[in-house]
Structure formats: C-alpha cells, structure tokens
Amino acid sequence: MKIKLNDDQVEIARQAQRFIENECPMEYVREMFEDPRGFTDDSWQKMVEMGWTAMLLPEAYGGLDMDLMDLCVIFEAMGSSVTPGPLFSTVLLAAETVKVAGDETQKGRYLTGIAEGKLRGTLALSEPDGGADLGYVRMEARAEGDRFFLNGTKLFVPDAHTADFLIVAARSGEGDDTGGGISLFILDSGLEGISTSLLPTMDSTRKLCAVELKDVSVRQEDMLGKQGQGWDYLQRSLRRAQVGLCAESVGGAERCMKIATEYAKERVQFDQPIGAFQAVKHRCSQMFLEVESARSLLYWAAWTQDHGDSKDATLSSSAAKVYCAENFKNVACAAIQVLAGTGFTWEHDLHFFLKRAKANEVMMGDAVYHREEIARIMEEEE
Amino acid sequence: MKIKLNDDQVEIARQAQRFIENECPMEYVREMFEDPRGFTDDSWQKMVEMGWTAMLLPEAYGGLDMDLMDLCVIFEAMGSSVTPGPLFSTVLLAAETVKVAGDETQKGRYLTGIAEGKLRGTLALSEPDGGADLGYVRMEARAEGDRFFLNGTKLFVPDAHTADFLIVAARSGEGDDTGGGISLFILDSGLEGISTSLLPTMDSTRKLCAVELKDVSVRQEDMLGKQGQGWDYLQRSLRRAQVGLCAESVGGAERCMKIATEYAKERVQFDQPIGAFQAVKHRCSQMFLEVESARSLLYWAAWTQDHGDSKDATLSSSAAKVYCAENFKNVACAAIQVLAGTGFTWEHDLHFFLKRAKANEVMMGDAVYHREEIARIMEEEE
Amino acid sequence: MDFRFTEEQEAFRQEFTSWLEQTLHEVREGDTPRSFESMVEWGEAARDFQKRLFEAGYAARHYPEEYGGQGRPTEEELIVSETMAAMCPEYRHPLVVTLGLVSPTILTCGTEEQKKKYLPKILDGTHVWCQGFSEPNAGSDIVNVSTRAVKKGDHFVLNGQKVWTSFAQMADYAVMVVRTNPDVPKHKGLSYLLMDMKAPGVEVRPIIQITGDQEFNEIFMDDVKVPIDMLVGEEGQGWMIAITTLMFERAMGDAMIANTQLKGIENMFAVAREVKRSGRPVIEDPRFRQELAQAWIETMVLKCHGYRNISQLLEGGVPGPEGSIGKLLWSETGQRTNEAVMHLQGPLSQVMKGSPWSVDEGRWQHSFLRSKGYTIEAGTSEIQRNIIGERVLGLPKDASRAQRA
Amino acid sequence: MDFRFTEEQEAFRQEFTSWLEQTLHEVREGDTPRSFESMVEWGEAARDFQKRLFEAGYAARHYPEEYGGQGRPTEEELIVSETMAAMCPEYRHPLVVTLGLVSPTILTCGTEEQKKKYLPKILDGTHVWCQGFSEPNAGSDIVNVSTRAVKKGDHFVLNGQKVWTSFAQMADYAVMVVRTNPDVPKHKGLSYLLMDMKAPGVEVRPIIQITGDQEFNEIFMDDVKVPIDMLVGEEGQGWMIAITTLMFERAMGDAMIANTQLKGIENMFAVAREVKRSGRPVIEDPRFRQELAQAWIETMVLKCHGYRNISQLLEGGVPGPEGSIGKLLWSETGQRTNEAVMHLQGPLSQVMKGSPWSVDEGRWQHSFLRSKGYTIEAGTSEIQRNIIGERVLGLPKDASRAQRA
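Those protein sequence lines, which keep their order, are chains A, B, C and D.
Number 117 in numbering that gives the first Met the number 0 belongs to position 118 of the first sequence; there are no gaps in the numbering.
Number 325 in numbering that gives the first Met the number 0 belongs to position 326 of the second sequence; there are no gaps in the numbering.
Number 186 in numbering that gives the first Met the number 0 belongs to position 187 of the third sequence; there are no gaps in the numbering.
Number 282 in numbering that gives the first Met the number 0 belongs to position 283 of the fourth sequence; there are no gaps in the numbering.
Just so you know, not all the hints are guaranteed correct.
Straight-line distance between alpha carbons at most 27 Å, and here's what the computed BS3-like set of lysine-lysine pairs gives [as the list claims (entries may be wrong)]: (1) Lys396(C) x Lys185(D); (2) Lys151(C) x Lys187(C); (3) Lys50(D) x Lys396(C); (4) Lys213(A) x Lys352(C); (5) Lys116(C) x Lys150(C); (6) Lys396(C) x Lys264(B); (7) Lys50(D) x Lys151(D); (8) Lys352(C) x Lys257(B).
On the chain D side, residues computed to face chain A include the following (Cβ under 8 Å) [what the hints assert, rightly or not]: (9) Met0; (10) Arg12; (11) Val203; (12) Ile206; (13) Trp295; (14) His304; (15) Tyr373; (16) Gly388.
Hints listed in this document are in silico derivations from the structure and should not be mistaken for laboratory results.
Even glycine gets a Cβ: it sits at the ideal position worked out from N, Cα and C.
So here's chain A without its partners, still in its complex pose (with noise of 0.2 Å):
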C-alpha cells in the first residue's frame, strides 16, 4: 500500500504547475474567456511539447503509456488556474475512446494524430432532452445501403468548433434502453451538415457547442467499434474522463483555499486578522478538509481505472464525480464569502473557479445521475 505520488508524479506535477505559470498565467485564462476559439495555437502546440497528449496513449501509436494518475497530476495544474483549452476533449473524450473501441486503422490515424498534436477530437454525446442522464441517446442513425444517416442535436460538446473530428453516439437500432443500441461513429468535423455554434456558458473558459447534424452522411468504416456496443465503449472512456474532471476540482479548490487563507492572514478588520475569528477560522478549516479528502477519493479513483476492476472503476469515478465537484463548488462559494465584497468582483479571480466549479458539478452527469449509478450497482451487490 502506497498512497501517495511516485518521485515521477511529483515531478510532473512540478513542470506542470511551472508551465500554467509561465504559458498560462491569469491574464491568458481572462484573454480566452472573452475569446470565441478559447486557446491560442502557441499554448496548444506547448501542451503537445511536454507531452500532454500523448501520455496516456500506447507506444504503438506514439504514446507514452502512462497511467491516468500521471495525467492527473496535470489536471489539478491546470484546475488551479482554470486552464482553458480543448486537452481535456482531446486526450479524455476523443482519444480514450478511440483507445477503448477503434480498429487498427483508426487508432493509427486518430491517435498518432493526437500524440503528434495534429489532431483534435472530442464527443458529442448529450442531447437536449436528456439533461444530466449521460446514456439519454436519441439521435437517429439511419442505415441505407452501406452508410448511415445522422440527424438531430448534440449539445454541451466540449470544444466541437476547433475539433478536427467528432465522435458522435446515435442510435443505430431500436430501442431506447441506455444499455443497447448505440453506435458511435467518428467523423471530420468539416462534413456536409454538420454545423457547430458556441454555447454562451457560464464558464467560458472551456467551450462548449451545439452541434446540429443533418442527413450527415457517414461509411460503415466511420463506425467506432461494433455497431450497439457504444454504450461499454463509453462506459469506460467516461469514466477515466470523469476523474479528470475531478482532478481538475481538487486542483481548484486547492487554489480557492489557498487564496481565501492568504486574505484571511493580511485582511485586517475589528484590529485583527479576519483569520483569527472562528467564523472565518472554521471555514477555512472546512476547505482544507474538502479539499484534502476531495483528493484522497480522486487518487482511488484514478489508480481503480487502471488496476481495478470495472465494479470499482465504475463505483470510484461516480463517487469522485459527485464528490469533488461538490467540494470545488462548496470551497469556491466559501472562498468568496470569505473575501466578502472583494471576492465578488470580476477583478479578482475567484469568479473563475466558481463558474468552473459549476460547470463541472453538471459535466459529465450531475450528483444525482451519479448517485443512482452508484445505488444501481450496489443494490445489485447484495
């Protein structure tokens, strides 16, 4: 039993929180805010350099093979300064996925292309109708002769406007159970009929769109595994991209109880620190603990999806899901009241990792989506 980062992810860690410092700074995440793209080229292809994308990727393909945990670290970096950009989309949506259910062809294009930095991918999963609940797929995939025909909407797609290919979940069969008959199919983001518009978001510092496709006309070889299996695929590349998410939470609210805890030591009112009133005191407290606990449950997370078994996998990122998105939104709101008027402009920075905090307690299924995941496989146990 060894619970805690190897030398390697300390390390990593380190370059990671030295390159959001340098590349990625307050300025930049308020710069993409405003901006419609989200990210610059140059910060992109400095991702790519150190080696982001390709990390959880097989050597065959031009990875590194690494451990979600070793991209972990990374995400807390980059929740700890709302990192804007489309690698969470990329290496966690796109490229998991591709891993997990494309055939060789496939994997050689997509993936290679993503360990170069040469392709973007991401999934478009949800549908207006289906709210939080992830296995809500209704979009038709009509087959005729050897295509398919894909119609109807996709929404909350991360970064779908600067994708180079989108994997999209459709149903192929009939039915509408969440279990069976759904197809994934990968296209070009460019095809005939498929049009993407940004979403104003509350937290623009990750993008999301609406992708509208019409009569989009895809080959049998476009399908991403076999035809009804979409559903597993998912299952398992969700999972690794819901833990990331928590990463990126713990990271936040890291550096939401850090900022509240420095104002509360030099803020001065009634002769004294604020910090030293229990009120302000306790609250503070309560950060550390969510934050530290928060961050215990990510770690089991993170290791199950690679060394545990699919119970447990499924289990662990559900529980981290709710959890730490729950603790980044409860931290955020604490950090503001602790810096009071303060904390409420849009000059200081701590609107950011609330809006981001709200943003991920409904990505990727909320609490109560995940809640009765949980209850579900549970209940099945005894």
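With chain A's structure known, arrange chains B, C and D on it following the hints.
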C-alpha cells in the same frame, strides 16, 4: 394585518407555562418516560380543569369554540417541557376527526365526553408497510350484513393503550388509491378482537402503540361520516394535528436554544465564556433564527386552518410540518454540541428534546411526504 | 392574529394592481422583467417609473403630503411595495437605497429645510441617491470609517474613499458617514452628511462584479466641499443615525424580497415543466419535486417572518436587532433557491442568455451569480450572527472586540 | 500509487479472516454484532476475545516479541484491525483506549521496566486501561488540568477529578495527565503517570449517556499514592507525551472506523430492502436511493482518506495535525449516515430494540443516539477546526487564546 398573539393568547400561554412548571416538571417527565402508562390521572385531570380538552370544541358539546392558534400556545408550552400525556391524541386526532365527520349522536357522545375529560380517544391510521405515507391504508373493512369486520394492524397509534375509543381508518371499498375508498370507524378500545401493545420508542414521553384488529365486528352506526369519504375528513383533522405538532416543536426548540445560550454564557474555557467564541456564538444565533422563523411559519399555518381556504391550509400545514420539525431537530442537536459532554448525558434534560424532535420528524408524515404534497398542489396550480 | 389586510386595503391593492398592469404593459414588452443594456439605462428607466408612480399618487403613500407623499396608512405603502416586488422588481431595485434608506433617514432625522428640499425630488423620481458607508478598511468593521470631514467656515471638506456603493454612477446625491472628530472613540467621531454627487472633487469608479454588471462603485473624494446645512443631526451622531433609523425600512425591504423570491418560485416550477431530464419534464421527477417543494417552503418562511416583523412595527413596536434574522433568511434562502434552480436545469444551467438553448432567457444563471453577493452585502452573514448572538441573546463579545469597546 | 496490499499480506488477511470467522462462530450467535447487558460483561467479553487473539498470535503483530508482540510489519496489525473493525467491532471497542492509546505510549515513551511490566498483560487481555485526560474545567481547554500530583518520598499523591473516561469501570490501570508543577505556564506543569485503578482513594462513578449506556465515567482521586516509577518520561513532559505519541494510532483508529462504517452501509442497504414505504421497499424509491448512495460515497471518502494517512505514516512520514481531518470526517459522516438510516425507516425509526417491529434489532436507533457524541469525544469538532486552522493553515489564534500563550 396583526401577526402576534392577542392578549388572551398571551394570558393562555402564561397560564400554560405556569401549569407546566408546577405540574409537569422534568422529574415528572423522567418518571413518565419510564412509566408504561405515560401520565398520571392527576395530571390529566388538571389539564381537563384548565379547559384544554374543551378549547377547540363547539359550545354545543361543552366546548369553548376557540381557534387552533389558542390551543397552539398550549402545545408550545408543553413542547418546552416535552410534557407527556394523551392531550395531543385526544384533542387533535380524535376530537377533530369526530368534529369534522361525526353525526349528532357521535358528537354528542364523544365530543362531550372529551370536553368533560371523561373520554380519551386516538386515531389509528398508519400501517406497517406504509412508512411515513399517511394515505397508505390497506386495512380491510369487510361488509357482512349490517356489520363490518376489521382486520389488520395499525402502527404508531399514539396513546392507544390508555384511550377509551379508537378511530380506525380502513378500506370498505375497492381499489387502493389514496383519495377514495377509505372509511372511518369509531370503536370502543375494549372491543373483542382489538389487542394493543406499547411500542418501545425512542421518545418514551409520548407513547405509541401497535394495534391489531382481528375480525373486529363493528356496527353500521359506528362508521364515522360517509362511507368512502374517510380521507377527506382525515385531511382536515390531520392538518390541524400537524400544526399542533409544529407548536410543540417550536416550544421544544426554543427551550433547547435557551439552555444552550445560558450554558454558553456560564461555561468558561480558555478563560472566556464559550459564547464569546464565534463557533458557539454563531451556533446559538442560528438556533434563534430557526426558532423564530419556525414560529412565524407556525403562526401562518395555525391561523390558516381556521381562516384560510383549504389549499392554503394544506400547503401551510405541510410546510410548517417540514420546517418546524427539522428546525427542532437541528436546534436540539446544536444544543447538545454546545453543551458537549454535559449535553450527552442522561442526567441533563437535552436528550429528551432530541428524542421528541426525532419523533416529531416522522409523526404525521415525514418531510419527504409533505414536500411531495406541496409539489403536487403547486404543480396543479399553474 | 390576522394575516389579512382590511377590505379597504384589499380594494386599494386591486386598484394599484390594475394601474401597475397597465403601466407595465406600456413600459415593457411581455410579462417578464426587463433587462437593461447599461446601469445608466436601468437608472433612467427606474426614474421614469418612479415619476409615473408619483403622478398616479402611488409614491410614498405614507409620507406627509407636504413632502410629496399622500399621508395614507403605512399598509398602503406596503401594498405598493409588495406588488411591485412581485410584478416588477426591476423598476424598484435601483431606488432601493433612495427610497428605503435615504428618504426615511431624511424624514426622521433631517431638518425641516432638508425635508422640503430633498424629499419631493426623491418621490417624484427626479433624484437618485446612493449611500457611502463602507470603505476599504471599514467593511464588516464599519465604525472604522476614515473618510475625513473637516469643518472650514460654512463647509465641511471631505477627503477619502467609499466602496461598494450601489448605483453611485447614476446618483445625484449621496448620504455619507464621515469622521468629523478623530480624537474620540471610533463610533463617536462619526457624522452623517448629505453630499451632492456633482460637486467638484467627487469621482465615481464602477466595480465590475462577477455577473459582469456594475452595480457597485468606488467613490473618491478629493477636497469635496459640503455645506454645513447638509449635516443631518448633530456632529458625532452619524453612527446612531445610520443604524437606528433604518430598522423599519429594512424589515419592509426584507419582506419585499420575499415577494420577489416567491415570484421566482413560480418561475422555478415553470422551468421544471420546461426542462427535461431523461426525456421527461423535471417536474415529474420525485427527486426534484422535493427540491421544488423545499424552495417554496423556505421562501414562505421568509414571507411569513417578514410580515410578522412588519406587523410588529406597524403597531409601533420598536424594531430590534431581531431584524438580522430577516437578512440571514432572505440571503441564504435566496442562495439555496438559486442553487436548486440550477440543479433542475442540469447541464442547461451552464447556458447564459443569448442562445436558443438558454432556459428562461438565462435569468437564473445571472441570478445564481448575483446571489453570491447576498450573504456579503448589507452586512455579511457573520456580522448578522454576531449581532444576534450579542445584542439579542446577550452572549459576550470576543476578546479582541471587547477590549476595543 | 498502489491501493493494494502485497500478496503475502493478502494471504495473511485470508488466514486471519478464517480464524476470525471461526472464532466469532464460537463466541457469538449469528452474524450480527453481539450486544451486552452491562459494561462489565462487555469488558469481560473483550478481554476474553483479546486473549484468544493473543494466543493465536494475532495481538499486536507489529510489537517486539519481548513485549508480547510478533515483531511483524505494521501492515499485518492494520489487517487485523480492519478485519475486526468490519466483522466484530464490538470486541475491539472497549480496548480502543488500551490498545490504541496506552500501549503505544508505553512502548514509545515508557522505561524498559514499564514496557516489560505492562505491555504483555495488555496484549494478552489481562489488563484493561483507561485514560484520564479531561476534567470538569478542562474539556476543550485541555491544558487547564488541575488534578494535582505532589511528590512525597517515592510516591506522588494525587488529588482531583477526571471525567469522560471511557470504560473506567472495567479498567485495571489508567494513564493520567496531572499537574506536578502549578508555578509554570499551564502545559509545562503537566506530567504523565500510570495509575493502578485499584489503589486506595480511587473512586469511579459511571455517567449515564443519552443511549442509556454507561460508557463514560468520572474518576475521583483522594490522596491516591502513585509510585514514582510509574511516571512516564520526565516531569513536565506530560503534555508533549499526551499529544505527540498518538498520531499514528489515531490515524489507524480513524481508518478502522471507516471499515466499521462501511459495514454499516451494507447494513443500510439491507434495511432499505426490508423497510417499506407506500407498500414498496424503500430501496426502490429514487429519493432514498440518493441518500443511500451519498452515505456510501462519504464513507468511502473516509476509507480512502484514512488509508492515505496510514500509508504516509507507514513510510515513516511524520504524522501532522492534518490528522484532525480524519476525526472530523468520521464523526460528521457517521452522524449523517445515522440520520440517513433513520430517514429511510420513516416512523419505524422510533422503535427501539425489543419489539417485533424493531428494524435490524434497533441497532440504528442506538447508533443514532450514540453518534451525537462523535463530534464531542476525543476533541470537539470546534477544537479540530481550530487545530487545522492554526497549526496546518497558519491562521492566527484568536485574541484571548493568543494572549494566554
């Protein structure tokens, strides 16, 4: 608009408080907690002499024709001392149901008996598989000739072991929807086939019973109100009983707040009364907030039962039931935390309040039940 | 006990409601609250609306006629306020300080001359006022005010900085708490002045808040001359005036917020009908039904408690620090309700206004962010809990504050 | 990162689990934890069980053999503890102080003679110890201890009173923090003594707690003689010994509680299958499913965090005040879970053991009440939050406590 107790009510409250202090000190409560009967005849007789059993009854039956709010100030006083005894079951469950559903003969017999203090009654409603769902009635009332035969088990019947009569809700018709098919029967508690046993409950200051009915034979004239209309009647009396329970909760919560606040002024640690520390001070402030805001809602709920329409009466009693019970529980727990070790002892009185608070949470429908009631009504409205 | 208004009052409510419906029909499109492009535009709209209220005889019903009011019972003002709070809070919001804090202070503590000069222009919508209390080093510790006012001849000369001043950028005048005597204990050296915002040396800088709006401002004062006849009360009474005259209006304000929030709950049910989860309207989901009901319950608590406070004051009761409950209730309930509405919306909660996918025109997204200020503005929750603990329950001050007092 | 034990350790776990299953089969009826009629009976059962553990070689695997241990890696002790925590917490609970606090203190700070004399009798179940720290005026303010120990010849003479001492009524010995020097600053005048509970002048009075049990006691000391060789460490080191040697065991204790609570969650699901609402098992109700899942999540947090702490310590890391998180986590999670299980049961939650209507033999009713002590015992939540705020985050002490230090 005049939202405060009138002079009469202030006087009633004062008298009730004095009565409770003299006749029902905490030593009496402790004794009755252990005592299977749960009250003394002497104490009951004195409550009768105070007129408490007659307050809500029509003058025609020896009553005083007063408002529910008038009685609520008495329940507040009783709550402040977790006063034991069957007043609640007799005047709010039994009498109110007879008032709304009974015919002249029944009213003459039962209401007069109650007003005079000669009869005690209760309501047998909940069933084992219903949980906190008040509308779940499955007990069978099989018609045979001019008689009904009742079979089944009722749970959580307050004071059934000392009641002279029981009002029993049972299904005399087909189907099992909440609204229809329920009829009420009023029976002598000594009838053949009825067996009553005391439940060992956490809050032993209010006795709850299991009542089993085996082929209990009832005459047609012992049906209370019209056949199949039982739920309509019950809704009206249950609402009033819920409000009575709220008054009790507010009184109990206030007492806990006072105990904690006094302790916080006197107990010294770190050379300071602990009330000087914000962790304790703010906890006490929160108690005050919860007590006074619950009281505000209670006033509305109590007033609305006599002067509002049935929609408001239902909404307000459900809202108050949720809020007052939860606040009572919160305040009792918070008070224990303020008193720390001392609050955790049997010797100190606080635990009786915690136990009553827990009982009040689930009695007459829990929060989940009442919130669903509210959602149902609000949903219809628009 | 009686939760009703009298028949006469109910008749007045009907009359006013009709007038309001018609007026709203004239000034805004549709039934939903208007939103404004800029704070200045918002301020102008509020002034214009106040003018209409005044001309129709609905401004300050309870004020004496000589100052522009109608000399009517306070209940009528309450009816006007609560109806507006439910139907058009956006036209009242920029004037909350003016009508809720400034005019009652002038009415209660001002000289006859001050009342005649300022009140009518407030009531008819001519003038908007703001309030300069907080300073960078006087936030929760409000008696730490360091803006100096030095008497020179027939003027005070003001130097210093105020912060968190709502709507200063549209204000014609300000009420200011300033230090006129630095040599006495902190709260005793404060005085209460009226200040012309157009006076030379006054500079206003808006603060952008996390919603992107600019509700709050900094005010910088550099040798600003304030005539001595703009002093309210005596020198050194500033603190007392600031805290004691405002209880009634604060209680009324709290109750009004309840009405606005109750309207919000109606809206929340509408959102729950519209938004789907797993293909079904959220309102059918038993889990979210619990949240809907809970939000309604807590908001009714707010309303009942607010009315109970007002009713006590209407009878001439002395408003006490118990009023801090009202502030805590509306701020925390407001935050919880906003969280709950966001939950209902699931991922749609991320979409701000300006998209076909926006729910309810993005109102809740804005409101969610705005709500994070509730527990900070007008005295943080921590300060309210100190007030209740110390002034209501009689618990001792903590050592550091006890020493100072 | 690795959440697994080694294969060898897992093999040991299997071996121990088999032994435990069989032994439990011998000592109790059925699979559910035994309950006991009296504290004394409970204590005897725990002693007997400890004897069995000792004889089978499972007591203090990580202690040197010369003191009765097995000289094995700490992981094996961890495995013993966590298996017992899940399968039979009732046999460990009365010995938590003895094994978790007393024996590590003696091992770390005791003289060779003390170790040889006391440790073997602890490990083989002969002696139960209790701990006298708190006093009526030294609760949260624990350095305020006023029990006096005056040296006279080869004895200390003790006078004073301890309170909240768990299991004192069954204890053979006690560890005591006493004041040996009243003339130096508060914590510097304290010493750490071992005391024979059968010595003349020692009187134990049980305190009945809100469950009706008598877990805690008062200890009165009237001229109790304690030989000088029962002093641990030097005079004046009492406070340091009390707080610094216990971190590892506290971290381990916290992790063990996670296992007991996880077992509780299994049980909670079983309750949800059994108990009905509106005629259907509660486990089918989407609203309660959320509560079930949330309880499980929070308990897993406890477990993961506990393991993370232990793992750090196993590697020789220095235990820090971060451990206060463990205390807050288990106490607050434990309270919430108990509340949630009560909710599931609806009105059945009122029924205590001893009725055909009791759910799960009334275990949760007892446990709910007991849980109200969690945030009080072993340092209140308020104290834990002070520790984190001040010692981990470096926030300043409040004025009153800063002055004293």
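Quick one: which hint numbers does this structure break? Sort them smallest to largest.
Result: hints 3, 7, 8, 10, 11, 12 and 15 break, sorted rising.
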